[in-house]
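Asks: Whenever a hint applies, use it, and build me the whole structure from the sequences.
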Amino acid sequence: MLRHLFLALIGCAALHAAEIPLTDATVVPGERVGPIEKGMTLFGLKTLFGADKLKYVDLPGAEGETTPGAIAFKGTDREVQVVFNPDGDEKEIIEVRIVGKGWKFPDGLAKGASVAQVEKANGKPYKVSGFDWDYGGYADFTGGKLAGKVSVRFSHGSKELDKSLIGDRSIPSSDKKLRAAEVTAAEISVIFLLKTPAPEKP
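Going left to right, the sequence shown walks through residues -17 to -1, 1 to 185 as mature numbering (1 follows the signal peptide of the UniProt record, and there is no 0) numbers them.
Derived from the structure by calculation, the hints contain no laboratory data. There's no promise every hint is true.
Said to hold, decoys possible - Result set (DSBU-like, lysine-lysine): computed pairs, CA atoms no more than 35 Å apart in a straight line:
no.	residue 1	residue 2
1	87	160
2	84	142
3	107	21
4	87	132
5	132	142
6	36	110
7	159	142
8	110	146
9	146	132
10	132	57
11	38	87
12	38	94
13	146	84
14	146	107
15	103	84
16	84	110
17	146	94
18	107	36
19	142	94
20	160	107
21	110	57
22	110	87
23	159	132
24	103	142
25	57	94
26	84	132
27	159	87
28	110	160
29	107	128
30	159	110
31	57	36
32	57	87
33	159	128
34	132	160
35	160	94
36	142	57
Replies: Next up, the structure:
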C-alpha cells in the first residue's frame, strides 16, 4: 500500500514538472524561472536537464566567498546561474541568477530596466543602497510585490554620480538625482526561500 502511494506521488511530481516545457521563458518571482521551480534540488535539476547539460561551478558569494552552483541554458539568451543551499545534503535551490535577456518577467521587470520601471513592477516605491561600495546599488523592496522574491542590483556603468548617491546610505526610488542618473538593473536574481521544516513535537 505504501509503495503504491509512493509511486503515485512520484508520478504526480513528474507530471507537474512535465507541464512546464524546457522552452518556457516565464518568470514567476519567488516561484519559478521557466521550468526551474521553488523546492527543486540538485537531483531534480539533473533529472530536468540531464547531468551532462549542466555546468557545475563555484559562484561568487558575499564578501569574496564562493557558493556551490550550476549553469543552465549556457550560451543562450536564457542562461542562468543556479545557487544551491550550501548546508544539508539535498542541495536545494535557493537562488536563480538571471544572465540572459530572454526571460519574461511580469510588469516590465527586466535586465536594463530603469528605477521607474522596477518601481512599477514592485507596485510601490522602494529604496536603493548608495553606489560604489560592496553592497552598493541593491534595491530594498520591503512591503512591495517583489520583497523576498527578487533581488535587483542597479549599476551606473561609467557615469559619474552625484555625491548624494554614493556610499553607505539609503536612497528613495523617487529621488530626482537617482532617476536623472539613469541607473539600470544590471543584476537580477529570483529568490527561492527555503522550505521551513515542521516544528518538532515535544
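Asks: It remains to establish, for every hint, whether it holds in the given structure.
Replies: Now for the hints, and whether the structure bears them out:
no.: 1; hint: 87 <-> 160; verdict: holds (29 Å)
no.: 2; hint: 84 <-> 142; verdict: holds (23 Å)
no.: 3; hint: 107 <-> 21; verdict: holds (25 Å)
no.: 4; hint: 87 <-> 132; verdict: holds (15 Å)
no.: 5; hint: 132 <-> 142; verdict: holds (29 Å)
no.: 6; hint: 36 <-> 110; verdict: violated (38 Å)
no.: 7; hint: 159 <-> 142; verdict: holds (16 Å)
no.: 8; hint: 110 <-> 146; verdict: holds (17 Å)
no.: 9; hint: 146 <-> 132; verdict: holds (30 Å)
no.: 10; hint: 132 <-> 57; verdict: holds (23 Å)
no.: 11; hint: 38 <-> 87; verdict: holds (23 Å)
no.: 12; hint: 38 <-> 94; verdict: holds (23 Å)
no.: 13; hint: 146 <-> 84; verdict: holds (31 Å)
no.: 14; hint: 146 <-> 107; verdict: holds (26 Å)
no.: 15; hint: 103 <-> 84; verdict: holds (19 Å)
no.: 16; hint: 84 <-> 110; verdict: holds (24 Å)
no.: 17; hint: 146 <-> 94; verdict: holds (25 Å)
no.: 18; hint: 107 <-> 36; verdict: violated (39 Å)
no.: 19; hint: 142 <-> 94; verdict: holds (18 Å)
no.: 20; hint: 160 <-> 107; verdict: holds (19 Å)
no.: 21; hint: 110 <-> 57; verdict: holds (33 Å)
no.: 22; hint: 110 <-> 87; verdict: holds (24 Å)
no.: 23; hint: 159 <-> 132; verdict: holds (27 Å)
no.: 24; hint: 103 <-> 142; verdict: holds (24 Å)
no.: 25; hint: 57 <-> 94; verdict: holds (17 Å)
no.: 26; hint: 84 <-> 132; verdict: holds (19 Å)
no.: 27; hint: 159 <-> 87; verdict: holds (28 Å)
no.: 28; hint: 110 <-> 160; verdict: holds (13 Å)
no.: 29; hint: 107 <-> 128; verdict: holds (8 Å)
no.: 30; hint: 159 <-> 110; verdict: holds (13 Å)
no.: 31; hint: 57 <-> 36; verdict: holds (9 Å)
no.: 32; hint: 57 <-> 87; verdict: holds (17 Å)
no.: 33; hint: 159 <-> 128; verdict: holds (23 Å)
no.: 34; hint: 132 <-> 160; verdict: holds (27 Å)
no.: 35; hint: 160 <-> 94; verdict: holds (21 Å)
no.: 36; hint: 142 <-> 57; verdict: holds (30 Å)
When each numbered hint is compared with the structure, violations occur for hints 6, 18.
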